[in-house]
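Participant: Below, each chain spelled out in residue letters.
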Amino acid sequence: MSKSEKKKKNKFLFELGLEEIPADMISPALEQMCQSVEKRLKEACIDHGSIRPFASPRRLAFLVEDLPDQQPEREEVVLGPSQSVAYDEQKKPTRAVEGFARKGGVAVADLEVVETPKGNYVGYRKIIPGKSLSEVLQEVLPQVLTSISWPKNMYWRESRFRFIRPLRWCLALLNNEVLPFEFEGLKAGNTTRGHRFLGEPEIQVLQVDDYLDQLRQNYVLADIEERRAKIAAEIEEVTPKGLHISSDPHLLETVVHLNEYPTLICGSFSEEFLKLPQEVLTTVMRHHQKYFSVVNEEEEIQAYFLTVMNTSGDPEGKIRKGHEKVLRARLEDSAFFWKADRKRGLEERVEDLDLILFQEKLGTYRAKTERLRTFCTGLSEDPHLDKAALLCKTDLGSDMVREFAGLQGVMGGLYAREEGYPEEVWKAIYEHYQPVSLEDASPSTRLGALLSIADKLDTVVGCFAIDIVPTGSSDPFALRRQAQGLVKVLLDHQMDYSLSHLVELAEKNFPAETKDKEVSEQVLNFLKGRVRYIFQEKGIPYDVLNAVLAVEIHGVYDAYQRAQSLSGIRKDKDFEALAMAYKRTKNILSKQSIELSAVSQENLIDPEERALFRAYSELKPKVDNNLEKGDYVAALKQIAGLRKTVDQFFDKVLVMTEEENLRQNRLRLLHDISQLFLKIADISEIVQENQG
Amino acid sequence: MKTFQEITHTLLEYWMNYGCIIQQPYDVEVGAGTMHPETFFRVLGSQPYKVAYVQPSRRPTDGRYGENPNRVYRHYQLQVILKPSPDDVQDIYLESLRKLGIPLEQHDLRFEEDNWEAPTLGAWGIGWQVLLDGMEITQFTYFQQTGGLDLMPISAELTYGLERIATFLADKESVFDLPWNRELTYGQVKKREEFEFSKYSFEVADTGLLFELFDLYEKESLRCLEEDCVLPAYDYCLKCSHTFNLLDSRGAISVTQRVGIIGRVRSLSLKIAKQYVQKREEKEEQISV
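Same order as they appear, the protein sequences are chains A and B.
When we follow this note's numbering, the leftmost residue of the first sequence carries the number 78, and every step to the right adds one.
When we follow this note's numbering, the leftmost residue of the second sequence carries the number 18, and every step to the right adds one.
By construction, these hints were calculated from the structure, which means they are not laboratory data.
Because the structure is a prediction, the values reported are computed rather than measured.
Idealized CB from N, CA, C, for every residue including glycine.
Examples of chain A residues lying across from chain B (beta carbon under 7 Å, computed): (1) 99; (2) 232; (3) 233; (4) 275; (5) 366; (6) 400; (7) 406.
Extracted from the complex, chain A is given alone in its bound form (with noise of 0.2 Å):
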């Protein structure tokens, strides 16, 4: 390797200058970014310190720290003849070793005999000296640049080169100095950009390490973490005395990307838009104008707003004024909406979900309102879920929800109660979308839950019938986001419904023309998949999992204490020696065709057999009582008693004797103490602590 490890010292900053980048597109594009210059500069043998990352909207950068000043150098050998064709008898080299030598450059004497798996060869050494770090620089960066991938690229100059936003400057100082490099017709300079009306439109850095300060001198704090302190420092500062700022953590994320040197300003509205309920606030001030909404430690909302400018400050508030007027305008649109919803009931609308489309072969909302009734009846007779069901789609004809989307079902419940519904109706539509992720809360009510398992439960069936399956990265009606939801609803709500049952009860809703005989099983399978993945998240260990799994879920519930039962047995001394038994036991029944019928005392021969029956007999009802409590952990430790009779049955009885009637009734045997096991789970999946 090297002789000489030099001195690392060396800084690189980079700098790309862009128009505004997307906000929520700029943490993982930079995240990329310096990922792929750490892999190339791993790749090119260069060490280096951090790597520090930086952004704006108008910019990405990263400054690399301890750099060498070049590769280090590598050792080649360059192979010549063979050792026998090298030398002649006499070891003098002949003439094919003296043209190798020549051609290298290298005296004969000089030349080395070198072992290789082919047999000796004769060769020499050549150091290969490092590149420069300049050099291995203009090499990574147009591949780091163009490693980038952008959720919607664009074409802007005549070039078929793509990115997110045009790029506009480019800087490039390795200590100082520029860096010769072009990428996409821009030119390396020395030079950044200000904030485009505080700041110099043109900055020359001449020190590395004043590229921070000389842009928060010129308005742009280029250092993600100082933006968001900021931000928090000034949303306590200006929030007005004893109330807070309602929790958004995405809408924080975004206001840090969004703005070159955030500040914040409370602006206000005029109270009577506090008749206009607390979610239509919200989603007004957030979606559209990205405000956070100001709430009191009831949490209830107030008639205040926080916004995020993108300059130093408003002396004049002139610029609060302007938010203010627009939010007003806003929520006038909204009151407009509000009022003008609420002139036909949610029962008229109905019909308006005739010309909705759910999907195109799947057909209208209205459609879909008919299926999730007659499997909402299918699960309970409660009227009020019926009622439910019929009108949970009926916001989606309404003003608001064509304004704000994020309210579908919300508005409908909160329609409901202004028609005054009773709170299982109104309640159960407004909740029905919940959990949209698996970090949301399920719907709070009994009926809800019912109505989200049947509208999810509708679209990931529906979908199936018509081929839309979810594969790899793809899943465009997030067909796994619904199922999870309805798999953690049902485990929220301990519900024991049977999948299959479920999902039988959606299907027979597809009428026969779109339906494809897989998909029940197709459906279960990926249900399946869907409670894997949430055991797992709940810490479930896998071969746990595996086992519980192995056998029929009938509910999600169940599986899941089934499951946690098994985890807590799982190391006891007796369960398992016992899973061990077990794994003997159902390679013997795989193997062998069984007559199933009772087991026939006359034909117990040996006493261990006859103990073992005799166990198995006075344990079965206590057993099939606690299966039937749904106490696993008491059955479990009953079975694992079984330990050392069914050792001994091992030891001395031999099962697969000649005589066809004993050997049949011993399988029989065998295989009813499986059936205790199999009914909470298939225990050979446990992997024992000495097998890893």
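Given the coordinates of chain A, work out where chain B should sit on it, guided by the hints.
Facilitator: This is chain B only, laid out in the frame that chain A set:
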């Protein structure tokens, strides 16, 4: 304070001085300035072009009988096409705002992601909405496709919402209170129009007749194409589009129909764009729509 017409005038003058052709509004009903042939056709092909014009734009579903302070049946867009898009296009645009007397350093201006798309025109682009103190005043788009055809060079399209900018500058609550000139307000000039067209599109329009008209316009558009009259074909395509919008505001279009009708208008646009480009290549015309 600038009146509505002074704002329009200032912007047109700015773009005229920049070197744009100043065009007039198109005389067929359109929903947006993008549908003017000066945008639809000019962004196709390779000839450079710079144009600015005002386009009254009809949105039947936005009609509010002149009662909503922010929504109108017909609003005014000021549209600029710069082909190819200059490197400093954002700065040039921002300078136009300064010309209107907006001290940008005292305001909160942002470019927020907003990618424009017009399915009936087979057109889409990448860009932003420009927000001034929270108000959307301009749509800024780099055209990527029109009539389903990939574009090169790329044109920049700036669409100013004139009412929005005027509301901002005039510090008025309602668009109808804007001074059109020193004597008349926007409301005085426009309110009757707003009321009658809202009434027409929500209550009066004869949907049976409109469906027939749609079919006739479509047929004529296709016939024009057969006769190599691409520009007249486009006029009838625009008429189809407007007729569809009217039917939509009357709530006369069911889901299945909607998909079908959008598809029919789109199919016309694609044919028209394709034939326009082909003809242009055949004749190698210098510059004429």
